[in-house]
Amino acid sequence: MTQYKIHPMAMGSKVFDKGMMTYQFGYGTPYTIPIYCWYLEGGDRRILVDTGEMGPIRSEDRERSIGGRIYTFEEGLAKWGMKPEDIDVVIHTHLHNDHCENDSKCANARFYVHEKELKRIHDPHPLDIRYNEEFVLDVEENGQIARVTEDMEILPGIRVVHTPAHTEGGMTVLIDTPSGNAAITGFCVIMENFNPPKQIRAMEMEVIPPGTPVNVYESYDIMMRVKGMADILLPLHEPAFASMETIP
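The sequence shown begins at 1 in this note's numbering and counts up by one.
A portion of the hints provided could be inaccurate.
[To be verified] The calculated DSSO-like cross-link candidates involving lysine-lysine, where the alpha carbons are at most 27 angstroms apart (straight line), are:
1. Lys-227 with Lys-18
2. Lys-5 with Lys-105
3. Lys-79 with Lys-5
4. Lys-105 with Lys-119
5. Lys-14 with Lys-116
6. Lys-227 with Lys-14
7. Lys-198 with Lys-227
8. Lys-119 with Lys-14
9. Lys-79 with Lys-14
10. Lys-105 with Lys-83
11. Lys-105 with Lys-79
12. Lys-83 with Lys-5
13. Lys-83 with Lys-14
14. Lys-116 with Lys-105
15. Lys-116 with Lys-227
16. Lys-227 with Lys-5
17. Lys-18 with Lys-198
18. Lys-105 with Lys-14
Hints listed in this document are in silico derivations from the structure and should not be mistaken for laboratory results.
Sequences are here, hints too, so could you generate the full structure?
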């Protein structure tokens, strides 16, 4: 069995209301999230999950808030001895702009994207301004995209599961590691979504849905399913990972 080490790299950040992460909780609280690109080290391919922001804002305040350094795409890859053209595979959790802005730099990569996400980026709903087809046009025109239509194994030790909690084509990436099965969530949450404070648990809620859900009831159930299938939970925007070189 192929096993992987997961290297989170903060390649951007956002400062906004915490309620953007935690549904009906934390409104009015300023919060800074990191935007990650994840390098999966193992096997004979160079694999990324998402590609982050193209021109991240970098400041002492933002890096202090997330507890780690913010890199450009090239800087982050260089930490692990890579350049964008070295990447073989990119798996997209979804196609909101902050998760795919560096796609065109990966000229030799195969991109795995759910078919519903590809449809939505070309026909976004007015309520969702975070889709921008310009970031995927190059790789589409080059024939680099593999449409995912069902849960599947991408490579030995890596599979994707359709989890439309935050977007219609969101995919959670399940990765075999030396410490068990890790899940990079296909929806934008932090660790608090999976481990709510006591005032939330007192209402008999075991998780907090994403702050911007597709369907809040279904999103809750999807989060419970993901929580049950993983030994290691990696919420897409959890700040604690910004200071970590390697997981596990």
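Hint check results:
For the given pair, Lys-227 sits about 21 angstroms from Lys-18 by alpha-carbon distance, which is consistent with the 27 angstroms threshold. Pair hint Lys-5 plus Lys-105 holds up; C-alpha atoms about 23 angstroms apart against a cutoff of 27 angstroms. As the CA atoms of Lys-79 and Lys-5 are separated by approximately 15 angstroms, the hinted pair is consistent with the 27 angstroms bound. At most 27 angstroms may separate the alpha-carbon atoms for a hinted pair to count; Lys-105 and Lys-119 meet this at roughly 22 angstroms.
For the given pair, Lys-14 sits about 25 angstroms from Lys-116 by alpha-carbon distance, which is consistent with the 27 angstroms threshold. Of the supplied pair hints, the one linking Lys-227 and Lys-14 holds, its CA atoms being roughly 25 angstroms apart against a limit of 27 angstroms. At most 27 angstroms may separate the alpha-carbon atoms for a hinted pair to count; Lys-198 and Lys-227 meet this at roughly 18 angstroms. In summary, the hint linking Lys-119 to Lys-14 is supported, as the alpha carbons are separated by about 26 angstroms, within the 27 angstroms threshold.
The straight-line distance between the Cα atoms of Lys-79 and Lys-14 is roughly 23 angstroms, inside the 27 angstroms bound, and the hint therefore holds. A C-alpha spacing of about 9 angstroms is found between Lys-105 and Lys-83, which places the hinted pair at or below 27 angstroms, so the restraint holds. With a CA separation close to 17 angstroms, the supplied pair Lys-105 and Lys-79 stays within the 27 angstroms bound. Restraint check: the Cα-Cα separation between Lys-83 and Lys-5 comes to about 19 angstroms, which is no more than 27 angstroms; the hinted pair holds.
Distance check on the hinted pair: Lys-83 and Lys-14 sit about 25 angstroms apart at the alpha-carbon level, within 27 angstroms; holds. The hinted pair formed by Lys-116 and Lys-105 meets the criterion: a straight-line CA distance of about 23 angstroms does not exceed 27 angstroms. With a C-alpha separation of about 23 angstroms, the suggested pair Lys-116 and Lys-227 falls inside the 27 angstroms cut-off, and the hint holds. Distance hint between Lys-227 and Lys-5 is fulfilled; the C-alpha atoms sit about 20 angstroms from each other, no more than 27 angstroms.
Between Lys-18 and Lys-198 the alpha-carbon distance is near 17 angstroms, which keeps this suggested pair within the 27 angstroms criterion. Between Lys-105 and Lys-14 the CA atoms are separated by roughly 22 angstroms; this keeps the pair inside 27 angstroms, and the hint holds.
In the structure shown, no violation is registered for any of the earlier numbered hints.
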